[in-house]
Every structure is written in structure tokens, then in C-alpha cells.
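Protein chains in written order, with the UniProt record's numbering: chain A, 1 to 262; chain B, 1 to 352.
Simulated from the structure, these hints should not be mistaken for lab results. Virtual Cβ for every residue (Gly too), placed ideally from N, Cα, C. Relax, there's no trap hidden among the hints.
Partial pick of chain A residues on the chain B-facing surface, computed with a CB cut under 8 Å:
hint, residue
1, D158
2, S160
3, I161
4, I166
5, S167
6, L168
7, G169
8, P171
9, V179
10, P182
11, N183
Each chain, written out:
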Amino acid sequence: MTTKLHPLLIVFAAVIFAILVAPLFIILGAAVSDTSFLTFPPQGFTMRWFTNIFDITAFRTTAITSLQVAVTGTFLALLIGIPAAYAMNRFRIRLPSWLSNVFVLPILVPEIVLGFSLVKSITIGLELPVFATLLIGHTLLVLPYAVRVVGASLASFDFSIEEAAISLGCPPLKTFFTVVLPNIGAGVVAAFILAFITSINDVSTSLFLTGPGVSTLPIQIIAHMEQFFDPTIASVSVLLMILTVGVMAIVEATLGLTFLTK
Amino acid sequence: MTVSLTLDNVSAHYGSTQVLKDLSLSVKAGELVSLLGSSGCGKTTTLRLVAGFLEPSAGSIRLGDRDLTRLPAHQRDIGLVFQNYALFPHLSVRDNVAFGLKQRGVGKAERDAKANAMLERVGLSAFAERMPAALSGGQKQRVALARALVIEPPLLMFDEPLSNLDAKLRVDMRVEIRRLQRANGTTSLYVTHDQEEAFSISDRVAIMNAGRIMQLDTPEVLYQRPANSFVARFVGFENLIEMTVTERNGEMVTATTKAGASLTLSQTVYGAIPDRFILAARPDGLAVRQSGEGIPVTLGIRTYLGRAYQYQCTTSTGDLTGNGPLSELLEPGAQAVLVPVPEQCCILPPEA
Numbered sequence: 001m002t003t004k005l006h007p008l009l010i011v012f013a014a015v016i017f018a019i020l021v022a023p024l025f026i027i028l029g030a031a032v033s034d035t036s037f038l039t040f041p042p043q044g045f046t047m048r049w050f051t052n053i054f055d056i057t058a059f060r061t062t063a064i065t066s067l068q069v070a071v072t073g074t075f076l077a078l079l080i081g082i083p084a085a086y087a088m089n090r091f092r093i094r095l096p097s098w099l100s101n102v103f104v105l106p107i108l109v110p111e112i113v114l115g116f117s118l119v120k121s122i123t124i125g126l127e128l129p130v131f132a133t134l135l136i137g138h139t140l141l142v143l144p145y146a147v148r149v150v151g152a153s154l155a156s157f158d159f160s161i162e163e164a165a166i167s168l169g170c171p172p173l174k175t176f177f178t179v180v181l182p183n184i185g186a187g188v189v190a191a192f193i194l195a196f197i198t199s200i201n202d203v204s205t206s207l208f209l210t211g212p213g214v215s216t217l218p219i220q221i222i223a224h225m226e227q228f229f230d231p232t233i234a235s236v237s238v239l240l241m242i243l244t245v246g247v248m249a250i251v252e253a254t255l256g257l258t259f260l261t262k
Numbered sequence: 001m002t003v004s005l006t007l008d009n010v011s012a013h014y015g016s017t018q019v020l021k022d023l024s025l026s027v028k029a030g031e032l033v034s035l036l037g038s039s040g041c042g043k044t045t046t047l048r049l050v051a052g053f054l055e056p057s058a059g060s061i062r063l064g065d066r067d068l069t070r071l072p073a074h075q076r077d078i079g080l081v082f083q084n085y086a087l088f089p090h091l092s093v094r095d096n097v098a099f100g101l102k103q104r105g106v107g108k109a110e111r112d113a114k115a116n117a118m119l120e121r122v123g124l125s126a127f128a129e130r131m132p133a134a135l136s137g138g139q140k141q142r143v144a145l146a147r148a149l150v151i152e153p154p155l156l157m158f159d160e161p162l163s164n165l166d167a168k169l170r171v172d173m174r175v176e177i178r179r180l181q182r183a184n185g186t187t188s189l190y191v192t193h194d195q196e197e198a199f200s201i202s203d204r205v206a207i208m209n210a211g212r213i214m215q216l217d218t219p220e221v222l223y224q225r226p227a228n229s230f231v232a233r234f235v236g237f238e239n240l241i242e243m244t245v246t247e248r249n250g251e252m253v254t255a256t257t258k259a260g261a262s263l264t265l266s267q268t269v270y271g272a273i274p275d276r277f278i279l280a281a282r283p284d285g286l287a288v289r290q291s292g293e294g295i296p297v298t299l300g301i302r303t304y305l306g307r308a309y310q311y312q313c314t315t316s317t318g319d320l321t322g323n324g325p326l327s328e329l330l331e332p333g334a335q336a337v338l339v340p341v342p343e344q345c346c347i348l349p350p351e352a
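Could you build all of it, start to finish, from the sequences and the hints given here?
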């Protein structure tokens, strides 16, 4: 027996679904349009905007920078975030309750403000190279995801399991890697994906932190659009979509996507 | 290799709160001692101190000739069984049991063989490949027991191991724990809040209150001869009557209650009676009679126990509970006396 759905509910769901998916189809259409400007519905069919991406050096170099920053920044954030989340769950009684909120500040503060303050303190204050500044900025930006998502996993972790391992002769640090980490693996992967996607998509913070010769892909897309407004933008977006779907497909096949919605 | 566990004047603090006060405890080689008390009495703190998860603020802990006091927890070589089993969710039953052997550098073939043999002893051979999530509570606790035993620790510790199991399984499991503990002769410390469990499984029981051991004795002695009024109440001596000696005549002592009721007690039965004392009795230690020498009371609610009637009685100095014979049905409101049954009562020092 199936539950009977109200016809209006079905219509409502269909409309919402269409609104969510339609822009993606529009971009797909615009990307293959045989015109020199962005348009939908597409006029004609061509793949030249896709090959055009690879002819423009700026797209290639910024894509590489974006990936480097996203991967390294996410790793750094996890490197800081996992121990922080661990400590906050393990020693909850002994730590002040506001401490965990400190790690969410980068999300709460408007990104523009975060970007500006980083320029002020790191680029100008410390005079670090652009790439290093970008990396520090992105690490800070995605740190909340690392702490919160890993923290949620740890909140349901039974720490007596850790004590059991220690009592059986496993040193504390080794216990973390052999017993704690395998049991919060799904949370770590979820944190990685959320952080990675946040970093690769970021505009506001990067806008402040990119500089001469070093830029990220989203910033390059904006720069390109301001100058040319051709379907290359749409084709880059399509490639980014395929990348995201690809990542999700791999995750779904190996771990399942349910942990993202839990 | 059986060794004794000795705690010497151990104190522990949580922040500025002292949770253990100069606690001394000795568990003899091969003995099973229970720490029994309500929550917050310090029994779990004691276990965690011995395990090395807490550090004492004073005192020393020794296992055989090893000083454990400042030794890191993972070097203590103690088998621990937890209330919530604490199995490793990501490892199979066999790998759970073999975990401790792996830490000790035992080769794969040997540790699997030992784990299998231990699983056989707890009756779980067929479950070696399963993951913990696919086991029932009783099976999980058997795995936890096997995991603690397989490393052949000189000391086993149990932290409320049966609290999450249902009543029937609790009885089966405590017999099982006792059997395995006896077979290995492993010195054991067992923490529980369940009196029946502690008394049935232990060689000796330490009854704890507010960070101190109130009495450490065999279950028989605790049950029949509590040393103080806290332990007496704990083991069911509901009636605690303050008395003062008024006359001594050889072995016979006459004492009165605060309300002035007079009783004659024999020191051959009760042992030496101090000038001030508490007469402690369970309901079946105070016989309800219509008249005679005893404590005069007014009868209240009567309940039927099968072997006797039980009466809630009131006196001018408080309520008492006594049992009366089935042959004699007394009505609420009637006047009666409560007569101590010598073998069922005991004499305690007065409360400080």
C-alpha cells in the first residue's frame, strides 16, 4: 500500500524541482550555443567554447591554483579541525562552552569582512606572498566545516571505546588513529567534501586575497565575463558541474551520500 | 601469576570537590572484591583511578610489586569490562578479542588462534566473523569479557557490566563472570550499585558512601553483622532504635529507648554492649506481640507477606516495621509491643 499524495503537492514538488534544476540546463544550453555571446535557447551547436577554455591560459592556471588552494586548505583545516573537534568533545566538561563557537566565527562574519581583515592583517601586515595569503584565507574559511562536521561525528562517538583500547595496551596517540579515526571516517569525508566545495566556489574572500599573477577560477570567471561575456563562461560552469557530479558519484559509490543529509 | 591490588590512602578531586577521601583497599590475589554504593559514592572514580584514567591527588596504587600510581593507563596491563560493552564497532568479533594481543606484538596466526579459543570459552565461536552491531547485548558483553581475558591480565575490572542487560540475562552473565574469574584465578575489582549482584558474585564487598568505604567484608558478615548504621540501612535493617544502658547485671543488660521503653538484652547473644548503642533489626527481627516486654507501639497498615503479616507501627519517637505470625491477625489502631528476635538483630555503635 502506498500513501496517497495530494495532486497539489506533486505539482508543488515538480515546480520546486524545476526551479532547482532549470538554471543548470540553461547553462548547458548556453555552453553549446554557436554565438559569440551568452544566450538561451542555444542557436546552433558547437563545442568550440569548450576547446576555447583550454586555449585561454588564465583558465588553466587559475584552475590549478583553485585546486591547489582547495586541496591544501582543506587538508590544513582538517589538520587543525579534527584535533580541535576531538578536544572539544573529549574534554567538554573542562572547557568553556563558548569555545566551540569561536570556530564558527568565519561563517558568521560576512565573508567580505573576513576577506578585508585578512588583507589588512596578512597581505599588508605580514607581507606574505599572494598564494600563502590565499591559502591561509581559505583554510580559515573552511575551518568551521571541518570542526563542526567532524564534531558532529565525535558527539555520537562513545569515548569508552577509546578507553577500552588504551586499557588493552594501545598508546593514546595510536588509539586515535586505530580506533577513533576509523569510527568518524564518514564525518571526516563529509567535512572534506563540504570544505573542498566551499573553497573551490569562494568568491568574496578570494576577491580580496588574489593578487598580481595569482587568481582562482571563480575570480577568473568573473574577470572573463566582465571582458567578453561569451559562452566560455557557460562551458567552464558545465565542466565544474561535471567535476562536482563526478565527486558525488564516487562518494555515493564508496560511502553513500546519506551522511551529507543526516 | 596472581597478584594483589593495594590502594593506600588514595584521594581524588574533581576540580575543588573531593570525591575520594583517604581510601585504602586491599584485594587479595585471586579474590573478587565489589565496590557497592549508590551513584556518586566514588566507586567508579576508584575504578578509573586504578585503570589510570584519573590521577589521584594523594596516595598510592600498587598491583603486586608494581607501583601503578603514575604509570600511563596503556602500560597498566588491566582487563576492563565496561557497562556499555565498548566494543570496537569497525572490527569483527575476532579482531575485537585479538586487539589486546596485537598491541602486545603477538603474530597474526597466534592471536587469531588465541582469540578463537577465548571465543569458544564464552560460547561465541560461531560469531567470530560478525560485526559487533549484529550481536545482542548479552553476546556483546561476552565478547567484551573475552577481549579482557585473552590478554591474561593480572587484574580484571568490571564497571557495572550487567546494568544494560535484562534480569534473566544478568543472572546468567554473573554466573559466567564468576566461573571465568574463578577458572583463571584473576584478581578482580567489580563496581556495581546492585546489592544482589555484588553479594552473589563477590568474595568480599566494600560498601561505599561519600568517597569512603563504610565496611569491607564477606557478603555473609555484611548481611548479618553490619558494622555501622549506614551499612545496616543499606542491607535492609529498616529499624534503627537508639538505646541507652540503664542497668548491667552479669551477662544481662537493661537498656531503654528515648521514649522510655525498656528491653533486657543478653551479651552472650549480642556480644559486648556499649553504654549507648543502636539496636538494628529488619522487619522480621521485630516480632509483633499483643503484650509482654518490648517496645510499645500503635499498629498501622498491615500487609500480607505469605510467611507473615507485616505491620507499620508508630511510636512517639518514630516509625518501626515488625512482622507478626499468621496465626494472629491484629487490626490497625490496636496497641502492641515489638520484641527483638535475638538472632535477627544486631548492636551498632551510636551515630556520630
